[in-house]
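A.B. asks: Here the protein sequences come in this chain order: A and W.
Just add 36 to wherever you are in the first sequence, counting from 1, and you've got the working numbering.
Just add 36 to wherever you are in the second sequence, counting from 1, and you've got the working numbering.
It should be emphasised that the hints constitute simulated quantities derived from the structure, not laboratory data.
Treat the hints with caution; some may be incorrect.
One copy or any two copies: either way a pair holds, since identical chains are not told apart in the list.
What the hints assert, rightly or not - In silico EDC-like pairs for lysine to aspartate or glutamate, Cα to Cα no more than 20 angstroms straight-line:
#1 K80 <-> E114
#2 K50 <-> E71
#3 K42 <-> E85
#4 K50 <-> D88
#5 K80 <-> E109
#6 K80 <-> D55
#7 K42 <-> D55
#8 K42 <-> E71
#9 K66 <-> E109
The structure presented is a predicted model; accordingly, all values stated were derived computationally and were not measured.
2 protein chains.
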Amino acid sequence: MAAPMKATVTVTLKNGVLDPQGRAIESALKGLGFEGVGDVRAGKIVELELADGTSRETVEAMARQLLANTVIENFRIEMP
Amino acid sequence: MAAPMKATVTVTLKNGVLDPQGRAIESALKGLGFEGVGDVRAGKIVELELADGTSRETVEAMARQLLANTVIENFRIEMP
């Protein structure tokens with residue numbers, strides 16, 4: 037059997053949406069003494085094993101229906 | 037002023053570490069009727085704006101000290 041196909045969905049907050057997690061990381065990095073830290077944005081990544089031949093449209097449907105909240109989040113899909 | 041430098045740190049669970057979030061996504065996708073979904077792993081991504089000339093070693097120190105729990109997580113750094 038061939039190795040399963042892999043797809044990666046990266047979900048990030050849209051510009052203009054407040055990102056409290058990113059702000060917390062930013063101030064924690066400054067508190068640790070790191071200099072020159074500007075804006076920090078946090079997001080999530082989902083790595084999926086899929087049956088061979090699964091289309092990009094299917095993965096896009098997964099992202100729209102479950103993985104991302106498209107009101108406030110963007111997503112991008114990487115797959116072979 | 038030049039645009040700030042950007043770095044992206046991707047944090048994923050090590051192989052063998054249980055991933056309840058990934059399992060929940062997997063069963064939710066199946067519940068929505070998507071077929072051929074295998075293992076699903078969830079991770080996080082941190083996009084940092086940094087002062088020009090910040091070294092990869094500095095970003096690695098940020099990841100080790102704050103962004104990743106290196107007992108159970110791997111991280112990778114993408115930067116120009």
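A.B. asks: Work down the list of hints and note, for each, if the structure agrees.
C.D. replies: Here is what the structure says about each hint:
1. Taking the closest pair of Cα atoms, K80 and E114 come within 20 angstroms of each other both inside a single copy (14 angstroms) and across two copies (15 angstroms).
2. In this homomeric assembly, K50 and E71 never come within 20 angstroms of each other (Cα to Cα): the closest approach is 26 angstroms inside a single copy and 29 angstroms across copies.
3. Only within a single protomer do K42 and E85 lie at most 20 angstroms apart by alpha-carbon distance; the minimum there is 5 angstroms, versus 29 angstroms between protomers.
4. Proximity of K50 to D88 under the C-alpha cut-off of 20 angstroms is found in neither arrangement, the shortest distances being 31 angstroms within a copy and 24 angstroms between copies.
5. Within a single copy, K80 and E109 get their C-alpha atoms as close as 10 angstroms, and across copies as close as 14 angstroms, so both meet the 20 angstroms cut-off.
6. Taking identical chains as interchangeable, the C-alpha atoms of K80 and D55 lie at most 20 angstroms apart whether they share a chain (13 angstroms) or sit on different chains (14 angstroms).
7. With identical chains, the CA atoms of K42 and D55 are at most 20 angstroms apart between copies only, with a shortest distance of 17 angstroms across copies and 29 angstroms within one.
8. In this homomeric assembly, K42 and E71 come within 20 angstroms of each other (Cα to Cα) only across copies, at 14 angstroms, whereas the closest approach inside a single copy is 37 angstroms.
9. Neither within a single protomer nor between protomers do K66 and E109 lie at most 20 angstroms apart by alpha-carbon distance, with minima of 26 angstroms and 23 angstroms respectively.
Consistency note: the structure conflicts with the earlier hints numbered 2, 4 and 9.
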